[in-house]
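2 protein chains.
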Amino acid sequence: MKKEFITLAHGSGGKEMEELIESLGISYRGEWKDCDKDSATLRLGEGRLCFTTDSFVVDPIFFPGGDIGHLAFCGTVNDLCVMKAKPLGISLALVIEEGFPAADLEKILSSIKRLSEEYKIPIVTGDTKVMEKGKLDKIIINTSGVGLISKEEKACDEKIALGDKVILSGGLGEHATALLSKRFDFETRITTDSKPLVKEMEAVKGIIRLAKDPTRGGLAAILNEIVSKSSIGIEIVEDDVPAKPEVKKAVEMLGINLYELACEGRMVCIAPEEKADAVVAALKKFNPDACIIGKVVEGDGVSVRTALGSRILPTPSGRIVPRIC
Amino acid sequence: MKKEFITLAHGSGGKEMEELIESLGISYRGEWKDCDKDSATLRLGEGRLCFTTDSFVVDPIFFPGGDIGHLAFCGTVNDLCVMKAKPLGISLALVIEEGFPAADLEKILSSIKRLSEEYKIPIVTGDTKVMEKGKLDKIIINTSGVGLISKEEKACDEKIALGDKVILSGGLGEHATALLSKRFDFETRITTDSKPLVKEMEAVKGIIRLAKDPTRGGLAAILNEIVSKSSIGIEIVEDDVPAKPEVKKAVEMLGINLYELACEGRMVCIAPEEKADAVVAALKKFNPDACIIGKVVEGDGVSVRTALGSRILPTPSGRIVPRIC
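Going down the list, the protein sequences come from chains A and B. Just so we're aligned, residue 1 is where the first sequence starts under the working numbering, counting upward by one. Just so we're aligned, residue 1001 is where the second sequence starts under the working numbering, counting upward by one.
One or more of the hints may lead you astray.
[To be verified] Dumping the calculated SDA-like pairs for lysine to any residue here, alpha-carbon to alpha-carbon at most 25 Å:
{"no.": "1", "chain 1": "B", "residue 1": "1244", "chain 2": "B", "residue 2": "1256"}
{"no.": "2", "chain 1": "A", "residue 1": "199", "chain 2": "A", "residue 2": "65"}
{"no.": "3", "chain 1": "A", "residue 1": "33", "chain 2": "B", "residue 2": "1043"}
{"no.": "4", "chain 1": "A", "residue 1": "229", "chain 2": "A", "residue 2": "299"}
{"no.": "5", "chain 1": "B", "residue 1": "1159", "chain 2": "B", "residue 2": "1309"}
{"no.": "6", "chain 1": "A", "residue 1": "133", "chain 2": "A", "residue 2": "98"}
{"no.": "7", "chain 1": "B", "residue 1": "1086", "chain 2": "A", "residue 2": "47"}
{"no.": "8", "chain 1": "A", "residue 1": "135", "chain 2": "B", "residue 2": "1256"}
{"no.": "9", "chain 1": "B", "residue 1": "1249", "chain 2": "B", "residue 2": "1187"}
{"no.": "10", "chain 1": "A", "residue 1": "107", "chain 2": "B", "residue 2": "1008"}
{"no.": "11", "chain 1": "A", "residue 1": "138", "chain 2": "B", "residue 2": "1099"}
{"no.": "12", "chain 1": "B", "residue 1": "1295", "chain 2": "B", "residue 2": "1036"}
{"no.": "13", "chain 1": "A", "residue 1": "133", "chain 2": "B", "residue 2": "1019"}
{"no.": "14", "chain 1": "A", "residue 1": "113", "chain 2": "A", "residue 2": "62"}
{"no.": "15", "chain 1": "A", "residue 1": "107", "chain 2": "B", "residue 2": "1019"}
{"no.": "16", "chain 1": "A", "residue 1": "3", "chain 2": "B", "residue 2": "1134"}
{"no.": "17", "chain 1": "A", "residue 1": "3", "chain 2": "B", "residue 2": "1133"}
{"no.": "18", "chain 1": "A", "residue 1": "113", "chain 2": "B", "residue 2": "1028"}
{"no.": "19", "chain 1": "B", "residue 1": "1107", "chain 2": "A", "residue 2": "27"}
{"no.": "20", "chain 1": "B", "residue 1": "1133", "chain 2": "A", "residue 2": "5"}
{"no.": "21", "chain 1": "B", "residue 1": "1135", "chain 2": "B", "residue 2": "1005"}
{"no.": "22", "chain 1": "B", "residue 1": "1229", "chain 2": "B", "residue 2": "1028"}
{"no.": "23", "chain 1": "B", "residue 1": "1113", "chain 2": "A", "residue 2": "4"}
{"no.": "24", "chain 1": "A", "residue 1": "205", "chain 2": "B", "residue 2": "1045"}
[Unchecked claim] Here's a subset of chain B near chain A, in silico, CB distances under 8 Å, partners left out:
{"no.": "25", "residue": "1010"}
{"no.": "26", "residue": "1088"}
{"no.": "27", "residue": "1091"}
{"no.": "28", "residue": "1101"}
{"no.": "29", "residue": "1116"}
{"no.": "30", "residue": "1140"}
{"no.": "31", "residue": "1286"}
[To be verified] Coverage of chain B stretches by chain A, computed from C-beta distances (three or more under 8 Å per stretch; other residues unrestricted):
{"no.": "32", "region": "1037-1049"}
{"no.": "33", "region": "1102-1110"}
{"no.": "34", "region": "1121-1135"}
Calculated directly from the structure, the hints in this document are not laboratory data. Quick reminder that beta carbons are idealized off the backbone N, C-alpha and C, glycines included.
Kindly generate the complete structure, drawing on both the sequences and the hints.
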């Protein structure tokens, strides 16, 4: 371990976390695969079982368009979805500060209940702990999830190839902007993008190679993750990356990097060139901003092409935005 | 919800938690069963998938014989084991306070690593979040787990019957005593009983009706849980319940109830009368204190027979011992 003390950067989804996790030395994986991805998978019968976990520490717990419960449901469901798994069930573990208002807890749980019923993804097991007043900032929620990847999906080719297109399912930075507007007290009409990606994934299954959701570390983190396991690069075109004017304004005002901001209801798909238009058309049914933002190119790493030339888009490091999810 | 604010009692594993959970109204379960038990189960092929979650907030995080990591591994593994499931994989989600010593994190993770390798139960997926200094008391760990109940076990009769014996796998109260000795600064040689119950369950599978681990709420909570779903009662014999003299001394000194104390490596089995001796013999290989502590009787509820007569053992309520796990 490089540092003597844990820093906020360890929790931001960037390089520090990767290094921390590697340094843990927990390497026994049995028969499981994909342990470095959104969900780990295990062969079960003719398909694969998918298993994922996420703790949510978002601050503030209520923000425009959502709350910590909404986020906790969507985050874990989406980690299953992007692995092409059908979510089977979600666990819900609450750690609550003594004195937390029961009415707030009800609001949070009704967000989860509503999503669970709408998407027919049950909350099947849970746990509740309470910490003494002052020992925890309000509430932490852990959701874990299990899903199933069918035999057909398992056979799907995930290897990306030169010329493949990179497609984004909607505008960047809306979750972060909604959250930061509450934290830094500025006015905006932007609401969180938090949503389950079940229907989106259903619509593009079979025509994409792979999907990922740009949560902590944003687009920058996941694009670098995709190319890190191959000998090719990705180039995105700055002008093609969708982001609402109010998001761009907030990003500029706060001096943060749009490409590093967490989304909670967006996905990036890699699709063969000839299928890219079909993928965009399928995704536009859910969000008119879905579009091609770049392609797979020779070389390595991720770059952004702008009017002034091309620049490297590295894996984020440092604090980024703490407690965004 | 009865109270306006969440209290410590909501996190103690007693009545308040049950009421809180019921009031949540999250009732959509899809095809899942056993959602009120240690692990929820779902039919998958010819067997059943088992899924469980637990967050650990134990204070202090290091105590005689164990630490929060040890507890987090054992707690979730045992929730799978007592459902007669073979644990397939465990998730590990850390929420850490900024400034937490990296050396302490390494100690905690090495406990988990050691158990994972010894028991061949892999840690397959994880998450790390960091909260600002002062926003969290040190560290919280969530472990969730997936397991598989084989076709044969599924067929096992779980219905308890009059005359069945109640068997405890070892002395009560050791985890709580070890923990409280650190919290209240008294000397004891007692160490936590925290351990995976994989081998114990393997040894009694096929000859027991059901098993449960007396964690939060202790023996009192689980015995009441067992009888709550039937029209029969359980009577335990006070003099037959094993507890080390130092545990009894600590319990008396602190004015707490032995039957409500959490164990983290004990199980209670219900077995048909004719198989009870075989169950005890199998469990004695792991702990010489394993013995029959009572039986299934006519009536309802749980009672304790003492030299002075019989008294009711109710489901615990109130604070019990906060942050015991």
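To see whether the hints hold, each was checked on the structure:
1. B:1244 with B:1256: 15 Å, holds
2. A:199 with A:65: Since the Cα atoms of residue 199 of chain A and residue 65 of chain A sit roughly 20 Å apart, the hinted pair holds (cutoff 25 Å).
3. A:33 with B:1043: 23 Å, holds
4. A:229 with A:299: 13 Å, holds
5. B:1159 with B:1309: 29 Å, violated
6. A:133 with A:98: Holds, because 5 Å separates the two Cα atoms, which is no more than 25 Å.
7. B:1086 with A:47: Satisfied, since the Cα-Cα distance of roughly 19 Å is no more than 25 Å.
8. A:135 with B:1256: Judged against 25 Å, a Cα distance of about 24 Å means the pair holds.
9. B:1249 with B:1187: 11 Å, holds
10. A:107 with B:1008: 20 Å, holds
11. A:138 with B:1099: Holds, at roughly 20 Å.
12. B:1295 with B:1036: 24 Å, holds
13. A:133 with B:1019: Measuring from Cα to Cα gives roughly 21 Å; hence the hint holds.
14. A:113 with A:62: 16 Å, holds
15. A:107 with B:1019: 17 Å, holds
16. A:3 with B:1134: Holds, because 20 Å separates the two Cα atoms, which is no more than 25 Å.
17. A:3 with B:1133: 16 Å, holds
18. A:113 with B:1028: Judged against 25 Å, a Cα distance of about 8 Å means the pair holds.
19. B:1107 with A:27: 16 Å, holds
20. B:1133 with A:5: 11 Å, holds
21. B:1135 with B:1005: Cα-Cα ~19 Å, so holds.
22. B:1229 with B:1028: At roughly 21 Å apart (the allowed maximum being 25 Å), residue 1028 of chain B and residue 1229 of chain B satisfy the hint.
23. B:1113 with A:4: Holds. Residue 1113 of chain B to residue 4 of chain A sits at ~21 Å (cutoff 25 Å).
24. A:205 with B:1045: 24 Å, holds
25. 1010: 5 Å, holds
26. 1088: For residue 1088 of chain B, the interface hint holds, since the closest Cβ of chain A sits about 6 Å away, which is under 8 Å.
27. 1091: 4 Å, holds
28. 1101: Residue 1101 of chain B check passes; min Cβ-Cβ to chain A is 6 Å, inside 8 Å.
29. 1116: Constraint on residue 1116 of chain B satisfied, holds at 5 Å.
30. 1140: Status holds, d = 6 Å.
31. 1286: 23 Å, violated
32. 1037-1049: holds (count 6)
33. 1102-1110: holds (count 6)
34. 1121-1135: With 13 residues close enough to chain A, the hint holds.
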